[in-house]
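**Student:** Throw the hints in and build the complete structure from the sequences for me.
Protein chains in written order, with our numbering: chain A, 1 to 202; chain B, 1 to 250.
These aren't lab readings, by the way, just hints derived from the structure by calculation.
Treat the hints with caution; some may be incorrect.
[Stated by the list, open to error] The list that follows gives simulated cross-link-like pairs (lysine-lysine, BS3-like), each with its CA atoms no further than 27 Å apart:
(1) A:Lys100 - A:Lys75
(2) A:Lys88 - A:Lys50
(3) A:Lys88 - A:Lys100
(4) B:Lys39 - A:Lys22
(5) B:Lys47 - A:Lys88
(6) B:Lys16 - A:Lys22
(7) B:Lys47 - B:Lys16
(8) B:Lys16 - A:Lys88
(9) B:Lys16 - A:Lys50
(10) B:Lys39 - A:Lys88
Keep in mind that this is a model prediction, so the values were computed, not measured.
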Amino acid sequence: MYEGPVQDLIDELGRLPGVGPKSAQRIAFHLLATEPADIERLQHALQKVKEGVVFCDVCGNVSAETRCRICRDPKRDLSLVCVVEEPKDVQAIERTREFKGRYHVLGGALDPLSGVGPDQLRIRQLLNRIGTTTDGVDISEVIIATDPNTEGEATATYLVRMLRDFPGLTVTRLASGLPMGGDLEFADELTLGRALSGRRSM
Amino acid sequence: MANLYRDTGIVLRVQKLGEADRIITFLTQRHGKLRAVAKGVRRTSSKFGARLEPFCHVDVQFHPGRSLDIITQVQTLDAFGVGIVNDYQRYTAACAILETADRLTAEEGEPVVRLYLLVTGALRALAAAERDPSLLLDAFLMRAMAFAGWAPAVNECAKCGTPGPHRAFSVQAGGTCCPNCRPPGSASPSADTLTLLSALLHGQWGVVDEIPHLARRDASGLVAAHLQWHLERQLRSLPLVERKAKLDDG
Chain A
1 MYEGPVQDLI
11 DELGRLPGVG
21 PKSAQRIAFH
31 LLATEPADIE
41 RLQHALQKVK
51 EGVVFCDVCG
61 NVSAETRCRI
71 CRDPKRDLSL
81 VCVVEEPKDV
91 QAIERTREFK
101 GRYHVLGGAL
111 DPLSGVGPDQ
121 LRIRQLLNRI
131 GTTTDGVDIS
141 EVIIATDPNT
151 EGEATATYLV
161 RMLRDFPGLT
171 VTRLASGLPM
181 GGDLEFADEL
191 TLGRALSGRR
201 SM
Chain B
1 MANLYRDTGI
11 VLRVQKLGEA
21 DRIITFLTQR
31 HGKLRAVAKG
41 VRRTSSKFGA
51 RLEPFCHVDV
61 QFHPGRSLDI
71 ITQVQTLDAF
81 GVGIVNDYQR
91 YTAACAILET
101 ADRLTAEEGE
111 PVVRLYLLVT
121 GALRALAAAE
131 RDPSLLLDAF
141 LMRAMAFAGW
151 APAVNECAKC
161 GTPGPHRAFS
171 VQAGGTCCPN
181 CRPPGSASPS
191 ADTLTLLSAL
201 LHGQWGVVDE
211 IPHLARRDAS
221 GLVAAHLQWH
231 LERQLRSLPL
241 VERKAKLDDG
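**Tutor:** Here it is, written out as structure tokens:
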């Protein structure tokens with residue numbers, strides 16, 4: 001145990017995800033040896049992230065304004081909505097440069113084991129969004145891009161059930177299968193099974 | 001390599017650990033509840049990440065670690081998750097089964113073969129979509145409570161043992177009560193509800209199928225109340241279980 005502020009800092013850092021006691025100690029001593037100007041910049045960034053970041057009114061993504069950069073962009077296709085679990089998933093899809101529509105961030109996945117049901121996610125907002133016309137354009141396709149794990153698949157199943165009654169709406173799910181650069185013999189049977197069931201003609 | 005050991009188990013729960021690892025909680029056949037670390041399974045390149053999802057029935061090889069054992073190999077025995085996540089009602093019922101199994105096995109490393117077989121059977125039936133998921137869940141809960149020694153008395157008085165059937169049901173007393181023992185505030189379920197509880201406990205599916213939907217809903221409420229009273233805590237997944245079929249018809 002260290003004395004006073006150093007131990008307090010180690011304790012606080014140790015509460016961050018993925019930071020154990022050893023890492024917390026290493027970061028604390030790094031900060032202790034850092035120039036005051038750098039510390040001030042870090043302090044400012046931490047303060048700003050709590051005060052300046054809000055959630056977009058439309059999609060629920062993190063944003064500096066009431067509407068995020070993507071929802072404000074007039075070049076985006078208003079008829080396409082990609083549903084993701086977390087804001088970090090928006091960045092993952094944006095990196096592909098393949099998707100030109102808008103997003104809807106649910107804020108997690110349906111996980112009854114952790115007490116997360118439909119009311120804890122932004123599902124109602126999604127249904128409201130699909131029911132309304134924006135700038136004269138109706139949403140014609142919803143792409144469900146939840147994680148390919150048990151909770152993500154269950155969330156996709158639930159969304160499909162909720163969305164199937166909207167007339168003229170196409171609901172699609174991200175394809176899943178074999179990763180590029182791998183060997184077929186090492187693929188697990190679940191992934192290989194889904195790759196087979198989702199095969200496409202060439 | 002002499003310390004490696006193998007067991008078959010059901011994945012009850014997964015928790016994130018560090019950058020790409022997970023802590024997996026299994027209900028195993030020979031070692032009871034077991035928590036172990038699966039390294040790198042959150043990466044898309046993981047060789048066995050897909051096999052360590054909730055509801056998977058797997059053959060696992062472990063390497064003893066300092067605090068938690070390390071998972072070194074996994075083979076799928078039954079991928080129950082595939083059939084379960086295709087239906088939200090089945091998914092919520094299956095989650096309640098896993099959480100109950102987790103709560104009923106407080107001691108890690110203590111064999112609970114009967115519960116393991118019960119969980120496996122319940123998940124298999126859910127994945128096969130053989131019956132109403134809600135009924136399968138209630139049957140599982142009744143039998144799991146029986147294994148734990150808390151089966152509600154349905155054919156005799158829970159307090160004095162007078163043969164029934166009795167009309168009063170008290171969760172605190174442990175089931176149906178005769179008029180002399182009936183505590184104040186006891187519920188008065190219908191005869192159909194009590195018949196259903198008995199049939200679920202003994203696996204008499206022919207009887208279960210004959211019971212009207214309204215009685216099924218009442219039975220679900222009693223089973224949930226009885227379980228949570230004995231566990232002394234709320235199950236997080238139980239209020240989220242979809243009882244759609246019953247509500248529509250009942």
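**Student:** Confirm or reject each hint.
**Tutor:** Do the hints match the structure? See the list:
The hinted pair formed by Lys100 (chain A) and Lys75 (chain A) meets the criterion: a straight-line CA distance of about 8 Å does not exceed 27 Å. Among the hinted pairs, Lys88 (chain A) with Lys50 (chain A) is consistent with the structure: their alpha-carbon atoms are about 17 Å apart, no more than 27 Å. Restraint check for Lys88 (chain A) and Lys100 (chain A): the C-alpha separation of about 17 Å stays at or below 27 Å, so the hint holds. The hinted pair formed by Lys39 (chain B) and Lys22 (chain A) meets the criterion: a straight-line CA distance of about 20 Å does not exceed 27 Å.
Distance restraint check for Lys47 (chain B) and Lys88 (chain A): the Cα-Cα separation of roughly 24 Å lies within the 27 Å cut-off, and the hinted pair is therefore satisfied. Of the supplied pair hints, the one linking Lys16 (chain B) and Lys22 (chain A) holds, its CA atoms being roughly 19 Å apart against a limit of 27 Å. About 17 Å separates the Cα atoms of Lys47 (chain B) and Lys16 (chain B), which keeps this hinted pair within 27 Å; it holds. A hinted pair counts as satisfied when its Cα atoms are at most 27 Å apart, and Lys16 (chain B) with Lys88 (chain A) qualifies at roughly 16 Å.
Taking the CA atoms of Lys16 (chain B) and Lys50 (chain A), the gap is about 25 Å. The hint holds against a cut of 27 Å. A C-alpha spacing of about 22 Å is found between Lys39 (chain B) and Lys88 (chain A), which places the hinted pair at or below 27 Å, so the restraint holds.
The earlier numbered hints are all upheld by this structure, with none contradicted.
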